[in-house]
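**Q** Start from the sequences, fold in the hints, and give me the full structure.
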Amino acid sequence: MNYKRIIQTTVLVGITFFISCQKEDPNDMIIPATPYEFKIPKGFPTNPNIPKDNPMTVEGVKLGRYLYYDDRMSGKADQGMGMSCSSCHLQKFSFENGIGKGIGTTGLETDNVMLPHVNLAWNPGTYGWNGSIASIEDDIDGVVEGPVEFVSTWPDVVNAISAVPEYPAMFNAAFGTPEINKDRIKKAIAQFVRTQISSDSKLDRVIRGEDNFTPAEQRGLVLFTTEAGADCFHCHGAPGNPLMTTNLFYNNAKDTVFDKIGDRYSVTHDSRDIGAYKATTLRNIEVTGPYMHDGRFKTLDEVIDFYSEGLEYSEYSHPLMHKVYPPYGHGAMLNPAQKADLKAFLLCLTDTVFLNNPDLSSPFTAK
Amino acid sequence: MKKSVYFVLTTFIGLGILLFSSCEKKPVGGSQEPAGKLKFNFEHYVDGSPVVINAMNYTNAAGNQYLIYEVQYFVTDLVIYKHDGSSKMIKDWTDYHYVDTNIPSTLLWEVYDSIPIGTYDSIAFHFGFTDSKNISDMFSYIPESNMLWTEPDGGGYHYMKINGKWLDTNNSTRGFAFHLGRGQHYDTSGHPIPPYIDNSFRVSLPGSDFTIDDGKTTEITIRMNIEKWFKEPNIYDHNQWGGDIMENQPAIKLATENGWNVFSVN
Numbered sequence: 001m002n003y004k005r006i007i008q009t010t011v012l013v014g015i016t017f018f019i020s021c022q023k024e025d026p027n028d029m030i031i032p033a034t035p036y037e038f039k040i041p042k043g044f045p046t047n048p049n050i051p052k053d054n055p056m057t058v059e060g061v062k063l064g065r066y067l068y069y070d071d072r073m074s075g076k077a078d079q080g081m082g083m084s085c086s087s088c089h090l091q092k093f094s095f096e097n098g099i100g101k102g103i104g105t106t107g108l109e110t111d112n113v114m115l116p117h118v119n120l121a122w123n124p125g126t127y128g129w130n131g132s133i134a135s136i137e138d139d140i141d142g143v144v145e146g147p148v149e150f151v152s153t154w155p156d157v158v159n160a161i162s163a164v165p166e167y168p169a170m171f172n173a174a175f176g177t178p179e180i181n182k183d184r185i186k187k188a189i190a191q192f193v194r195t196q197i198s199s200d201s202k203l204d205r206v207i208r209g210e211d212n213f214t215p216a217e218q219r220g221l222v223l224f225t226t227e228a229g230a231d232c233f234h235c236h237g238a239p240g241n242p243l244m245t246t247n248l249f250y251n252n253a254k255d256t257v258f259d260k261i262g263d264r265y266s267v268t269h270d271s272r273d274i275g276a277y278k279a280t281t282l283r284n285i286e287v288t289g290p291y292m293h294d295g296r297f298k299t300l301d302e303v304i305d306f307y308s309e310g311l312e313y314s315e316y317s318h319p320l321m322h323k324v325y326p327p328y329g330h331g332a333m334l335n336p337a338q339k340a341d342l343k344a345f346l347l348c349l350t351d352t353v354f355l356n357n358p359d360l361s362s363p364f365t366a367k
Numbered sequence: 001m002k003k004s005v006y007f008v009l010t011t012f013i014g015l016g017i018l019l020f021s022s023c024e025k026k027p028v029g030g031s032q033e034p035a036g037k038l039k040f041n042f043e044h045y046v047d048g049s050p051v052v053i054n055a056m057n058y059t060n061a062a063g064n065q066y067l068i069y070e071v072q073y074f075v076t077d078l079v080i081y082k083h084d085g086s087s088k089m090i091k092d093w094t095d096y097h098y099v100d101t102n103i104p105s106t107l108l109w110e111v112y113d114s115i116p117i118g119t120y121d122s123i124a125f126h127f128g129f130t131d132s133k134n135i136s137d138m139f140s141y142i143p144e145s146n147m148l149w150t151e152p153d154g155g156g157y158h159y160m161k162i163n164g165k166w167l168d169t170n171n172s173t174r175g176f177a178f179h180l181g182r183g184q185h186y187d188t189s190g191h192p193i194p195p196y197i198d199n200s201f202r203v204s205l206p207g208s209d210f211t212i213d214d215g216k217t218t219e220i221t222i223r224m225n226i227e228k229w230f231k232e233p234n235i236y237d238h239n240q241w242g243g244d245i246m247e248n249q250p251a252i253k254l255a256t257e258n259g260w261n262v263f264s265v266n
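Protein chains in written order, with the working numbering: chain A, 1 to 367; chain B, 1 to 266.
Check the hints yourself; a few may be wrong.
[Stated by the list, open to error] Residues on chain B that point at chain A, a partial pick, calculated with CB under 10 angstroms:
1. Asn-41
2. Tyr-45
3. Lys-133
4. Asp-137
5. Leu-148
6. Trp-149
7. Pro-152
8. Asn-163
9. Gly-164
10. Gly-175
None of these hints come from the bench; they were simulated from the model. Glycine included, every Cβ here is placed at the ideal spot set by N, Cα and C.
**A** Structural data, given as structure tokens:
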């Protein structure tokens, strides 16, 4: 009898022992969907910015892709004002609009030109021209409720999406229940946006040893990556930083007077940021004009001319824009042959695989 | 009856001990040697006071009025020495630390290594990377990847970037990129002639003795005295060298020669 009790006690204690030693692991939570395999391209940073509370799943990405292209996302399609992310972020333009500023449901224009949706999984949490947006999820809030883009409300958006018969099953697959809400919509779209990865330009193929630059492209690369040349790399990266941006903010000497509205200064209140905007990625730069935050340059040639001889002196320009001063005058002072070489290299950043990737295209037209 | 109660009690106590001991984390490496921890603080001064960023408050030895915009650099291969000549290189998973005045967290280096207790005589580190460790593309993540030194200039990484501005002879505010890294020699056509020049150098910190006590953290402050980059033995004149020096080995040489007394322990 006593031995029976002892055995029972021992078993009980043993169970307690194993339970108490088990660590709580968040990965043990039941995740109904299939984990998405996020592949990091060669040379890309190994620390993508994927929020812990929004792990990517195959079903989440699929749902996000539908929502990204669904103009019922404005919540105003029934009023003839349907709009989605893809209204201003077109794949052929590296997921920006190709014309400059965006136009919202009420006809108002955005303050600045569209930024492309490309490799945003590596943005460190400073989205937008002035870095005021902390996450892709937060950006979607602004698009829906802001005064220019969808000019809508989340209840209207949730109602509109809930009315589509196919969505509850897709939300169920992505999040474990068919509930449709603001948080899930944002998470799904953000998951899809993080798959918009451009990593197959000629530059990438050269990095991978699959291709070679022409002599003109090679000369252009040297100009791009030398201080005495065009000195682009300090702000826009180089083969060693194939995102082709530092994701930092610079006053790039294009103005002499600053209103401090909408620039990086408006976020940080640091005098170094007066007139500073993000150094955008140069990936697919060929198709992402017009250029600069206000779209003042229509062509890539105009941009090269600006950095060659168009810099404007002000006390606020970033120290790296030192060519605005003598002996350089107003820029890198490139001759026509050098400008052509630099452009030849910049065209190597066009990623036609990305621009035509069927996995990133509209799921509605793909049907 | 008494016997069985005794048996149950001992079983409980025994399993309890087993339970607690089995859940305890084992120390990494399993070293039982008495040891403490080391923490470095990095501070940046000009003329004896903490640098005020973006303020045209300073005048260098050449008479240039200047401001500091940001300071970014690598400290590598840090070694601590004992009086008996023994030494220990700080590994901290890797053997470098990146310092950036824009990123407060980089101004603190909590060394991962356990440091054996005792009195240490001095500290030395490498400014930048030795050539064999200055390997292109070894950093794929920011902010370190933003320090890349491009291939046409020899590859690897900047040892340091000090970006700032100075008032030139026309009283115009001009930007300077005081960037140090590998140097180049050029032929008459302007093409670089290999091999590239290793401009990195060893920094020995005078008066850097310290003690490590068992289970305690010793804090050491390493100060960069920025004005000394422009001071001795060479007077560095921004009006002479201009805004950019990455492809100007004479300027880099002169600047790195000035690095011998830039750092101090406080």
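**Q** Hints first: check each against the structure and report whether it holds.
**A** Status of the hints after comparison with the structure:
1. Violation of the interface hint for Asn-41 of chain B is found here, the shortest Cβ-Cβ separation to chain A being roughly 23 angstroms, above the 10 angstroms cut-off.
2. Using the Cβ-Cβ criterion of 10 angstroms, the hint placing Tyr-45 of chain B at the interface with chain A is not satisfied: the shortest such distance is roughly 20 angstroms.
3. With 10 angstroms as the threshold, the beta carbon of Lys-133 of chain B stays out of range of chain A, its nearest partner Cβ sitting at about 16 angstroms, so the hint is violated.
4. At its closest, the beta carbon of Asp-137 of chain B sits 5 angstroms from a beta carbon of chain A; the interface hint therefore holds under the 10 angstroms criterion.
5. Restraint check, Leu-148 of chain B versus chain A: the minimum CB separation of about 4 angstroms is within 10 angstroms; hint holds.
6. Here the hint on Trp-149 of chain B is kept, as its CB sits about 9 angstroms from the closest CB of chain A, short of 10 angstroms.
7. Among the interface hints, the one on Pro-152 of chain B holds; its C-beta lies about 5 angstroms from the nearest C-beta in chain A, closer than the 10 angstroms criterion.
8. A cut of 10 angstroms between beta carbons decides the hint on Asn-163 of chain B: the least distance to chain A is about 4 angstroms, and the hint holds.
9. The criterion of a C-beta within 10 angstroms of any C-beta in chain A is met by Gly-164 of chain B, whose closest approach is roughly 6 angstroms, and the hint holds.
10. A cut of 10 angstroms between beta carbons decides the hint on Gly-175 of chain B: the least distance to chain A is about 3 angstroms, and the hint holds.
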